[in-house]
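Student: Here are the chains, one letter per residue:
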Amino acid sequence: MPDDLNWAIGGEAGDGIDSTGKIFAQALSRAGRHVFTSKDFASRIRGGYTAYKVRTAVDRVESVVDRLDILIALTERTIHENEDELHDDSVIIYDGERTTMQDVEVPGDATALEVPLKRLAEDAGGAIMLNVVALGAACEVTNFPIENLDESLQKRFGDKGEAIVENNKKAARKGRDYVREEYDEEFGYELETTDADYVLLNGDEAIGMGAIAGGCRFYAGYPITPATDVMEYMTGRVDQFGGKVVQAEDELAAINMALGAARAGARSMTATSGPGIDLMTETFGLVATSETPLVICDVMRSGPSTGMPTKQEQGDLNMTLYGGHGEIPRFVLAPTTISECFWKTVEAFNLAEKYQTPVYLVSDLALAVTEQTFSPETFDMDEVEIERGKVVDENDIDAWLDEKGRFQAHFPAADGISPRAFPGTTDGAHMTTGLEHDELGRRTEDTEVRVEQVDKRQRKVETAKEEEDFDYREFGDADADTLVISWGSNEGAMREALGFLDEDGHDVRFISVPYIFPRPDLTEEVESADDVIVVECNATGQFADVIEHDVLERVERINKYTGVRFKADELADEIKQTLAGDAGTQEVEAE
Amino acid sequence: MSSDVRFTDFKSDKQPTWCPGCGDFGTMNGMMKALAETGNDPDNTFVVAGIGCSGKIGTYMHSYALHGVHGRALPVGIGVKMANPELEVMVAGGDGDGYSIGAGHFIHAVRRNVDMSYVVMDNRIYGLTKGQASPTSRQDFETATTPEGPGQPPVNPKALALAAGATFIAQSFSSNSQRHAEIVQQAIEHDGFGFVNVYSPCVTFNDVDTYDYFRDTIVDLDETDHDAQNRDQAKDKILESDKEYMGVLYQDEDSVPFEEREGIEAPMNDIPDGAPEGAMDLVREFY
Chain Y
82 MPDDLNWAIG GEAGDGIDST GKIFAQALSR AGRHVFTSKD FASRIRGGYT
132 AYKVRTAVDR VESVVDRLDI LIALTERTIH ENEDELHDDS VIIYDGERTT
182 MQDVEVPGDA TALEVPLKRL AEDAGGAIML NVVALGAACE VTNFPIENLD
232 ESLQKRFGDK GEAIVENNKK AARKGRDYVR EEYDEEFGYE LETTDADYVL
282 LNGDEAIGMG AIAGGCRFYA GYPITPATDV MEYMTGRVDQ FGGKVVQAED
332 ELAAINMALG AARAGARSMT ATSGPGIDLM TETFGLVATS ETPLVICDVM
382 RSGPSTGMPT KQEQGDLNMT LYGGHGEIPR FVLAPTTISE CFWKTVEAFN
432 LAEKYQTPVY LVSDLALAVT EQTFSPETFD MDEVEIERGK VVDENDIDAW
482 LDEKGRFQAH FPAADGISPR AFPGTTDGAH MTTGLEHDEL GRRTEDTEVR
532 VEQVDKRQRK VETAKEEEDF DYREFGDADA DTLVISWGSN EGAMREALGF
582 LDEDGHDVRF ISVPYIFPRP DLTEEVESAD DVIVVECNAT GQFADVIEHD
632 VLERVERINK YTGVRFKADE LADEIKQTLA GDAGTQEVEA E
Chain G
313 MSSDVRFTDF KSDKQPTWCP GCGDFGTMNG MMKALAETGN DPDNTFVVAG
363 IGCSGKIGTY MHSYALHGVH GRALPVGIGV KMANPELEVM VAGGDGDGYS
413 IGAGHFIHAV RRNVDMSYVV MDNRIYGLTK GQASPTSRQD FETATTPEGP
463 GQPPVNPKAL ALAAGATFIA QSFSSNSQRH AEIVQQAIEH DGFGFVNVYS
513 PCVTFNDVDT YDYFRDTIVD LDETDHDAQN RDQAKDKILE SDKEYMGVLY
563 QDEDSVPFEE REGIEAPMND IPDGAPEGAM DLVREFY
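First to last, the protein sequences are chains Y and G. Start counting the first sequence at 82; every next residue gets the next number (my numbering). Start counting the second sequence at 313; every next residue gets the next number (my numbering).
Just so you know, these hints were derived from the structure itself, not from any lab. Mixed in with the good hints, there may be bad ones.
Said to hold, decoys possible - Below are the BS3-like pairs computed for lysine-lysine, each with C-alpha atoms no more than 25 Å apart in a straight line:
hint: 1; chain 1: Y; residue 1: 485; chain 2: G; residue 2: 323
hint: 2; chain 1: Y; residue 1: 485; chain 2: G; residue 2: 326
hint: 3; chain 1: Y; residue 1: 392; chain 2: Y; residue 2: 120
hint: 4; chain 1: Y; residue 1: 250; chain 2: Y; residue 2: 199
hint: 5; chain 1: Y; residue 1: 546; chain 2: Y; residue 2: 471
hint: 6; chain 1: Y; residue 1: 199; chain 2: Y; residue 2: 103
What the hints assert, rightly or not - Chain Y is faced by these chain G residues, among others (derived, beta-carbon under 7 Å):
hint: 7; residue: 390
hint: 8; residue: 576
hint: 9; residue: 583
hint: 10; residue: 586
hint: 11; residue: 599
Positions of the beta carbon are idealized from the N, C-alpha and C atoms, including for glycine.
Take the sequences, apply the hints, and build the full model.
Tutor: This is the structure in C-alpha cells:
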C-alpha cells in the first residue's frame, strides 16, 4: 500500500463534518505528515451533502486525486456521492444502527465497517461525539496512533473544559476498540508519523496573515463566499497590532471605507468575490485616478451573477484586468499556491504603496477552502519587507510645494509616481478627485494637463516593469516541445500531472504565472514550443487570450485622449508620420 | 493645530463655479468658520464630498480632501476617521447624494456614530444635471423628469436619522450665516456623528423652496422652549412635515463615538519596515 492516503468524512451540512475533518487533518499535521484538504459543500446551512476530504502523505502533496481509501459516511448519500472514487481496498465506516443506513449498498469489493457510532458515543458521554468515535475507528483502520488525535481534540475542545476533552478522548477509544475487537483484521493501511513540524492553513487565512504581516491595519468588507474567511481571520487579530476590521453595510461602503483609510495613510484592504467586485468597480476607478494605494482581493467563485457560490472557477480575469470605464492603471496578482497567498499579499501592499495604485489580488475558491501543511519557515516573518514608497513628511515636503506653497500631490514625476503626504502632515493639505485633475488635485479639462496626467499614471506601469520582477515559475522539462501554462490554483494539480505524463513518456515544460498584469512576456517560450496549452478553470480561456494577444505582431497605433475628437487633417498628418516611420509621437499631441 | 487659524485659511484659490446667489456659498463659509472656530487647521482636517454641486466643495476649500463618487462620501469619511482618529473629518453632500443614492450609507453612518460631521446641502432639486426631482422635492414639484411632480412624499432625513439612532440632528439655513456656522460648530463639537441638514437654495432650478420661502417659514428652535436632549420632543418636531426648523433638534449628550467604543486611539499610518513584532505567533497558531 502506498503511504499516500485519501480519507473523507461526509454527511449533511450541520453534522459537524468540517470540524471533524479538521480535527483529523490537524492530528495528521501534528504527527509530521503532509496534508492537503478539500471540501465539497453546497450553499446551505443545514442539510444537503457535504464532505471534508484529506489527502495525506509523508512526502508533500499538492492536489486532490480521484481516489478514496477511507470514507466515514454519516449518510447513505455520502457513499453514492463518492462511489466513483472508491476501490476494492477502500474501507467505509458507517453506523448500521441508523435507520437509513441499515441496507447500505457497498460498491465493488470495498469493505464496509459497521460501527455503532451513536451508541458508542452515548456510552462515552453523549451522542454528539459520534463523529469522534468514527475518527477513533479510522485510527485503528489506518494504524494511526490515537495519541496524535488527542492533541487535536485538546486543541478543538480545550476551551470547553477538560471534562469535554476527556469524554472525546474516551469516545475516540471506543471507536478504536470496537474495530479492534469486532474486526480482527489488517486493512493494509499504515499512517507513519515523523518528527517534522508543520502548520496547516488555507488560502484565505494565508491572505489574512500576509495582510497583517505586510502592514495592513484597516480592513473593510462584506460577507461573501468564499472570501469571508479573510475577514474572519483578520477580525480580532489585526486589532492586536493597532488595526481594525469593519463589517460594512455593503461592498460599495467596504471599498469606500478602505479608500478613506488608505488616504489617511493606513495600509488598507478589502476582500470579496466576483459579485462584490462588480459593485466595487466604480470606486475602483476613483482609487486609481486619485492614486490611492489599495489592495482589493477577489476570491473567485463560479459566475456570472450569483452563479455557483460554493464552486470553483477562474472567470474573473477579464474583469480584474479590464474592469471599470476609462483606462485604469493597476496591478493584478494571482497567487498560485496557499503559501503564495501569503507572499503575494505582502507584495500587493508594497506595489500599491510604491506605485500609488489599486492592486487586485486574485485568488480562487480552490485556494480559499483548501488547507495545506507547510513548515513554519515558509512564512518566515523576518523575510517580510515593507516599502512605503514616496511618503513625504514635514522635513522634505518643501521640495514638492509649488511657488505658492501648495502641495503637488499629483506632480507628473518622470517615473509617474508623485509624492504622498499623509493627512496631518504640515503644509501637505491637498485635494484629490475622480475628475481629471491637475498636479494640485483640482479638476481640469485642459487638454494638455489631461494628457500629462494620463501619461503620468500610465508611466507607473512602465516604471514597475523596469523595477519589479514580474516573473513566472517553471517545472518539468525545460527543453520539452510541449508547453503548458496556467495561473492560479491549478499549479499543484499540474505539477502532479507532470509525473503521470512522464510515466507515459510525455515530456512537458510547465510554466505557472502569478502575475496577470503586468505579466511576464512569454513570446519566446510560446514560439519555441511545438504545442502550447493554457490550463484554466473557465469556459473561454481568458488567460489563453492574453497570452495569444502578447505574442501577436504589433500594429501601429494612433491614440488621442485629450478629450477632443479626431480631426481629418490631424489624422492625415499622423498617418503620414507613422508611415514615414517616425512614429515617435504615436499619440496625438494636445493642442 | 494652531490658535491663530482664520476661516479664510480654509479657502482655496480656486474660484467657485456655483451660480451667483447659490446657497452653497453660505453653507461652505459656515463650514469654514466652524472649522476654524473649533481650533482646526487645514493640515489636520479632511473633507470628503460626493458628486453634484455640493461635491465641488472640496475644490473650493483648502484642507486634505477627497471628491468621491456619487453617494459614497460617508463611508470614505468613516474610513479616514477610523484610520486616523486625530483628524477632524467633515463630509459634505447634497440631498441626492445623501438621501437617494447614498441613503443606505446614511442610515448606517448614523448607526455607527463615528465622531465626524455630515453637512447636507439640501436644495430639494438636482442642480448640476439641470433640474430634476430629488428625494426631498415636494410631491407636486414639477420638473423635466416629473412633469406632474414626483407623486411621492419627500424623504424626511431627520426622521430617518432619529429612527436609526442618531446622537445629533440639526438643521440650518445657509442664508443665516451666523446661526448656520454655530450649528455646524455644534455638530463638530458633538462626540459622535453630527448630522446637519442645511437649507441651501438653488436659485436656478427651484422656484418653490426659495430664500424667501425659508426666510418666511423657518423657526429658530433657540427661540422656542425646545429641549434638544428630549428625544420625544425631537421626534414631534421632526415629524411636523409642514414646518421648517433651524437649530439642534436632537442631541444625546452621553454619546460615545464608535471608534472610542472600539478602542481605536492611534493613527494607523505608522507601521514597521517589516512584519510586526510577534508576527511569528500568527504562524504558530496554525500548529
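Student: Against each hint, give a clear statement of whether it holds in the structure.
Tutor: Hint check:
1. Y/485 - G/323: holds (14 Å)
2. Y/485 - G/326: The given pair, whose Cα atoms are some 13 Å apart, holds under the 25 Å limit.
3. Y/392 - Y/120: Since the Cα atoms of residue 392 of chain Y and residue 120 of chain Y sit roughly 10 Å apart, the hinted pair holds (cutoff 25 Å).
4. Y/250 - Y/199: The given pair, whose Cα atoms are some 15 Å apart, holds under the 25 Å limit.
5. Y/546 - Y/471: With Cα atoms ~18 Å apart, residue 546 of chain Y and residue 471 of chain Y stay inside 25 Å; holds.
6. Y/199 - Y/103: Answer holds: residue 199 of chain Y to residue 103 of chain Y is near 20 Å, not above 25 Å.
7. 390: holds (5 Å)
8. 576: The hint holds - residue 576 of chain G has a Cβ within 7 Å of chain Y, the shortest such distance being about 6 Å.
9. 583: holds (4 Å)
10. 586: Holds - the Cβ of residue 586 of chain G comes within 7 Å of chain Y, reaching about 5 Å at its closest.
11. 599: At 6 Å from the nearest chain Y Cβ, residue 599 of chain G passes the 7 Å test, so the hint holds.
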